[in-house]
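**Student:** Here is how the chains run, residue by residue.
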Amino acid sequence: MHVNEAEFLQGISGFLGSYYVTLAVLNGIAALYVWERLEKSRLALVWLALAVFFLALSPLAFSGDSRMMGIISVPGSIRNLVNVVMGIPWAYSTGTLVFLSLLYFFRKFFVKPVVAWSGLNAALLLMGLSITNPSFATIVTKPDNVPIVGLVFLLGFFTWLGANKAVTNDQRMKQGLEPTEKMNSEKILVWPDLVYTELICMIALTALLLVWGILLQAPLEEPASSVKTPNPSKAPWYFLGLQEMLVYYDPWMAGVVLPSLIIFGLMAIPFIDFNKQGNGYYTIEQRKFAYLTFQFGFLVLWVTLIVLGTFLRGPNWNFFGPYEIWDPHKVEALNNIDLSEYFWVIGLERALPSAPAGAGAIEQIGYIILRELPGILLLAGYLLVMPPLMAMTVFRKFFFRMGFLRFMLLANLLLFMMLLPIKMVLRWTVNLKYIIHIDEYFLNF
Amino acid sequence: MPPLGEVIRNSQIWKSIFRHPMPTDRRNRIVVMLTNFFLHLHPVSVKKQGIALSFTWCMGGVTFFLFLVETITGVLLMFYYRPTIEWAYNDILALRDVMSLGIMREIHRWGAHAMVITVWLHMYRVFLTGSYKPPREFNWVVGVILLLLTLLLSFTGYLLPWDQLAIWAITVGSNMARATPFLGHEGPGAAILTVGGIDMITDASDARFGLLGARFVGEETLNRFYVLHCIALPLAAALLLAIHFWRVRKDGGISAAM
Ligand code: HEM
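Respectively, the protein sequence lines represent chains A and B.
No gaps in the numbering here: position 25 of the first sequence is 25 in the working numbering, and each next residue is one more.
So the mapping is simple: the working numbering equals the position in the second sequence, first residue as 1, plus 1000.
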């Protein structure tokens, strides 16, 4: 990568220059809109200034010259800092969780269009400043990864849009008004209103797909070879969240049990959610628990893990910072310890129980169970004690309103969902490998 | 001589297809919705809110449109592509380098990625507006199956170019199946399933074998995934889509119409 850095910069200069011109145009349009429609001249000037700023960056980018490009890059010291900080195992996941929580708690602030537009500009600028880094560029512009960049921005936009409408509705409903969705109950004919919207959508989408197809060639690597294993070997991007779970759980959990439970859990949502409010309009206040649980599952446990698996996992599934070169020889010390070892060897200072030579099958199983007893008890406790405990404490109201079956379904799905973050935290804090480790029967948990 | 448009619209052929005048007045705008096969997917009138872009994000519609794009480009690709080890890779190569409509492959691939994204966004919207609540519980369940089918369609299609990207992605993905509890030869509990000391679940009889048609991703897998991708899964999706749309209407239209 480093040898032909100049060549690399030359290669992306055209793209990056057009990128900044596009950003300038976008902000120009925003300025015009704010000026004409909202009649806020001061704000319009801000966006206009930003447009000029982006326009000024574009010749630097178009030049392709490494000194000029240096000006419009994230400085090396910050890049290193980001790599180091993100290299801390818990930093990425905890960081996104904290970030999303902040967005949630201060949603009244973040749903303002001005704030959102500033945030979008900041994110796009950061992308631009980062893309001059070869490591970052290689991974982000890999054709099959481009959709994920799109996904992140689309999700950001729609999460914002949904929250914006929810906050408006929540404020209205607090004042005893109906949600905005109900104000507009006028009936209109499908022809022409809906039919034409659909037609325009179809034409726009066809155009988009054509442009996308012309600009970006579909990837085709070398012919398949069952002897040359690429490193890293990655599943298609939409399954990378599952592949990331393999770090914490064995394939039977990460690849079979948990995905099945995700599908099952999704199907169960309408039958668990007994809340009659919030049907057919955006709201957060009226269904906080459902909202937060879904967002935690979707944004935190699904989408951020996909982003992690796609952009930050390199050879040997090692973690690499966004600006770090994917070095296949990077070694990560793996000294993870089983719970049984913690209990018997470290806690009680004795050897792991193991069957004497020549023991029968039953005896061997007995010893295995003894060896793994701490983990088995812990897991059984988690799955058996937690539901009644939840029913008696935090979920008391839910329990009475939902009835036994519904509540058990909810509790168990929640407990299984939390297995992943729990294991993550245990791995980061005490290097826990398996809670139950029975290699003899492929039963590692 | 009357204008050409009028001549066409007054011809017997036109009238045999469209049995009513242009939908320019209220009556005919209703009639068109009732008499056109494609349009009758829709009701005649809807609440304004129900079709507001900012409410539905049009994501269900976009997903369906992408499904249609995938069907059309997919059929075109099937004319060229042969699902065998000798030809698969070369055919894709030819699509890229020499075929004049080779861009169909690009559209098919990016459309597939886009469809995965839009189906998630659609689900997200349905969740955020609480549209899965009664009476729409069942349609949400149908939707979840459609989501699964979308992912499986994309996954099976990923193998077909038969390049390094393809076989290793499918290898990583399908390796999970060998750890299926009881049904995978490296899954917990499989060792219990023995008859007279002979293992029932081996690497040649487990869930992964069923998926791949072999012990590893090979010729049989290509065939199996091809059939799934081009026939079985699209048919299943089409059936469920029909149910999905039918239920949207039977459940009272898009939820904001409440
Ligand atoms: C191939 C995939 C899918 C297609 C083509 C599709 C298409 C559609 C369309 C066109 C609508 C009309 C309203 C709208 O556009 O929002 C709709 C409504 C609906 N969809 Fe889907 N859908 C798909 C997958 C899903 C999934 C994954 C879910 C949920 C898990 C889902 C649940 C629903 C529900 C509950 C409604 C009724 C919403 C309401 O009344 O507001 N669908 N779908």
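There may be inaccurate statements among the hints.
[Stated by the list, open to error] Derived lysine to any residue pairs resembling SDA-like cross-links, with alpha carbons at most 25 Å apart:
| no. | chain 1 | residue 1 | chain 2 | residue 2 |
| --- | --- | --- | --- | --- |
| 1 | B | K1047 | A | T180 |
| 2 | A | K234 | B | L1148 |
| 3 | A | K182 | B | V1046 |
| 4 | A | K276 | B | L1152 |
| 5 | A | K276 | B | W1246 |
| 6 | A | K112 | A | W191 |
| 7 | A | K142 | B | L1152 |
| 8 | B | K1048 | A | W191 |
| 9 | A | K182 | A | Q171 |
| 10 | A | K228 | B | T1171 |
Hints are computed from structural coordinates only; laboratory data are not their basis.
**Student:** State for each hint whether it applies.
**Tutor:** Checked hints:
| no. | hint | result |
| --- | --- | --- |
| 1 | B:K1047 with A:T180 | 13 Å, holds |
| 2 | A:K234 with B:L1148 | 20 Å, holds |
| 3 | A:K182 with B:V1046 | 13 Å, holds |
| 4 | A:K276 with B:L1152 | 34 Å, violated |
| 5 | A:K276 with B:W1246 | 24 Å, holds |
| 6 | A:K112 with A:W191 | 34 Å, violated |
| 7 | A:K142 with B:L1152 | 23 Å, holds |
| 8 | B:K1048 with A:W191 | 12 Å, holds |
| 9 | A:K182 with A:Q171 | 15 Å, holds |
| 10 | A:K228 with B:T1171 | 13 Å, holds |
The structure shown violates the earlier hints numbered 4, 6.
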